[in-house]
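Q: Residues per chain, in single letters:
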Amino acid sequence: MNQKIILYLCLLAFGIAAPFLFPAFKLQISIMWILVVLSLTWDVQGGQMGYNTFGNILFFGLGMYICSSFQIGLFFPLAEWTASGGEKTFVHTPTQFFQGFFVGLILAAIIPAIVAAIIGYGILGLRGHYFAICTLGLGIAAGEFAGGIELVGAGQGMTSPPWPKGIGDTELRSEFFYYICFLLMIFTFLFLQWAYSTRFGLVLNTIRDNEDKAEAMGINTMRYKITGWVVSAFFVGMAGGLMGNMIGYIEPVETAFAGRTFGVFMVLMAILGGKGTLWGPVIGAIAFHIFKEGFWTFFLGWQYVALGALIVIVVIFFPEGIMGWLREKYPERFGEIIDEEDRKAQVELK
Amino acid sequence: MRPVLSVDQVYKYFGGVRANENISMQVEQGSIVGLIGPNGSGKTTLFNSIVGTHPIDKGSIKFEDKEVSTLPVPVIAKLGLLRTFQQTRIYGKLNCIDNMRISAKPAKDNLFSVFSTIPTELNDKAENLLSFVGLYQKRKLRAGDLSFGQQKLLELAMALMNEPKMLLLDEPTAGINPTLINGIIDRLLKVNREFGITLLVIEHNMRVIMSLAQEIFCLAHGQLIANGKPTEIKNNQRVIDAYLGVQ
Chain Y
1 MNQKIILYLC LLAFGIAAPF LFPAFKLQIS IMWILVVLSL TWDVQGGQMG YNTFGNILFF
61 GLGMYICSSF QIGLFFPLAE WTASGGEKTF VHTPTQFFQG FFVGLILAAI IPAIVAAIIG
121 YGILGLRGHY FAICTLGLGI AAGEFAGGIE LVGAGQGMTS PPWPKGIGDT ELRSEFFYYI
181 CFLLMIFTFL FLQWAYSTRF GLVLNTIRDN EDKAEAMGIN TMRYKITGWV VSAFFVGMAG
241 GLMGNMIGYI EPVETAFAGR TFGVFMVLMA ILGGKGTLWG PVIGAIAFHI FKEGFWTFFL
301 GWQYVALGAL IVIVVIFFPE GIMGWLREKY PERFGEIIDE EDRKAQVELK
Chain W
1 MRPVLSVDQV YKYFGGVRAN ENISMQVEQG SIVGLIGPNG SGKTTLFNSI VGTHPIDKGS
61 IKFEDKEVST LPVPVIAKLG LLRTFQQTRI YGKLNCIDNM RISAKPAKDN LFSVFSTIPT
121 ELNDKAENLL SFVGLYQKRK LRAGDLSFGQ QKLLELAMAL MNEPKMLLLD EPTAGINPTL
181 INGIIDRLLK VNREFGITLL VIEHNMRVIM SLAQEIFCLA HGQLIANGKP TEIKNNQRVI
241 DAYLGVQ
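Chains as they are written, first to last, in this note's numbering: chain Y, 1 to 350; chain W, 1 to 247.
Any given hint might turn out to be false.
Unchecked claim - Straight-line alpha carbon distances no greater than 25 Å define the calculated DMTMM-like cross-link-like pairs of lysine to aspartate or glutamate that follow:
no. : chain 1 : residue 1 : chain 2 : residue 2
1   : W       : Lys66     : W       : Glu215
2   : Y       : Lys329    : W       : Asp145
3   : Y       : Lys165    : Y       : Glu150
4   : W       : Lys108    : Y       : Glu211
FYI, nobody ran anything at the bench for these hints, they're computed from the structure.
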């Protein structure tokens, strides 16, 4: 128990000190925390519940658009902003910026959550590959759809509000977003840690292991599946809103509904770290991000080849991910032991 | 004695296949009833119809005077009518204790109880039931790592954890060694007597079903061909023909 607390404190200290220890990597570490959120929330479906989804990117893009749209729309006409050069005409005061940012971020969590509940009601009845294919369509459709809406800049995309003038420099800006990312990651982690300790966590696992049996035992699985997706959408939407602000520019297919990059990364990270565990997705995301950035730096031009090779190696040698591999190697560390001591049945049930 | 389960003229077709035709049977409160018949005679189909896995084409199924033939599976299960499966179904990656804990009926079951904690008192009950079926020592292992026979026992324990009123068992002794079979018979009798759970059992092992059941129904080609006490069934010419083939 004590060891755990020390571990948590060390990680917390690292998270707080990181922007000052590695000032050059502030943005990279911020993105790493976002990736941890994406990986953790993907694992709610893909790992804990056994429903491989490619659709969580939908909530990421949705959150991105919603957050920025409200940040702008609360104070200025959105259509004129997204028309070329609008961001130069209208300037947020610091108060407007922060008000808009926090309102936008909250809505970027709530609206995707509602969307997840509605879509989930429709498609969470599908199982296995059918569900995966269906969600794959969702992300692609959303990108095309957003590319057709003039109000949010259509295919050209839109800019998110720039950091207001008069309060600090770009260093302060990146520190601000860094700590918001870090907070979101901690909040997501703690929420899931708690949720997995309740009935919710066990029911998700029963759905993964045998959904028919869970239903036969009287569990309303649909309710848990939808709740799970709503939880994911909530955090992914917020992560999207943050990401949009951090990179400053939203493009429908490349940044918002980026199925080819973030959409695939979230799956890979969870698998790399170990599906269906709490720490697996965290470790996976951090390892993945370090590898990815390394490849981009040292194998430029070949980065996707190197990334592809990494994926192949992971799938062949660590099909259960890092945590799964550890569990297989040291099952007793994970509590899998045969109790030598027997116990007499005391039969008095009711 | 009033019937706890009454199946009345049930028909179930799969396209041109007549899986169940005009099946009527009643199971009395607190009894053990057997269901036998050759492979493909429609026993498991009847089970599936009773617990709501698929809709029936005609007829009615009543559980405690409540029509259940149109209800979905989880709702019927919550009424206290549970089934186990011929091929064991357990939650393979969870350990035995967790398999048991999640099988208990929750105190409240609504949208707000999704994030409710599972009471710790249940652990004691789970351990008790696991030792009842002889799995106490393996309670911390993943259920998927247990042998087939042990998984069957675990499935029985999970069903008991739910405190059902009636239990439908699909071949509880298939694939289990003879010594363990005796253990299972003892436990099923105990379940029936001490916990007061009504049992409807599909079984191919004649020794088991004859020593267990008070009444037996026999299906063949989707139709009910005989019912009565074990001794009557044993000497029924139609049953013998159905099992061994007519000369």
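Q: Could you grab the alpha-carbon distance between lysine 108 of chain W and glutamate 211 of chain Y and see if it respects the 25 Å cut-off?
A: holds (21 Å)
Q: Is lysine 329 of chain Y close enough to aspartate 145 of chain W, meaning Cα to Cα at most 25 Å?
A: Status holds; Cα separation ~15 Å.
Q: Checking one constraint from the list: CA of lysine 66 of chain W to CA of glutamate 215 of chain W, max 25 Å. Satisfied?
A: Holds, because 23 Å separates the two Cα atoms, which is no more than 25 Å.
Q: Is the straight-line distance between the alpha-carbon of lysine 165 of chain Y and that of glutamate 150 of chain Y 25 Å or less?
A: violated (28 Å)
In the structure shown, a violation is registered for the earlier hint numbered 3 alone.
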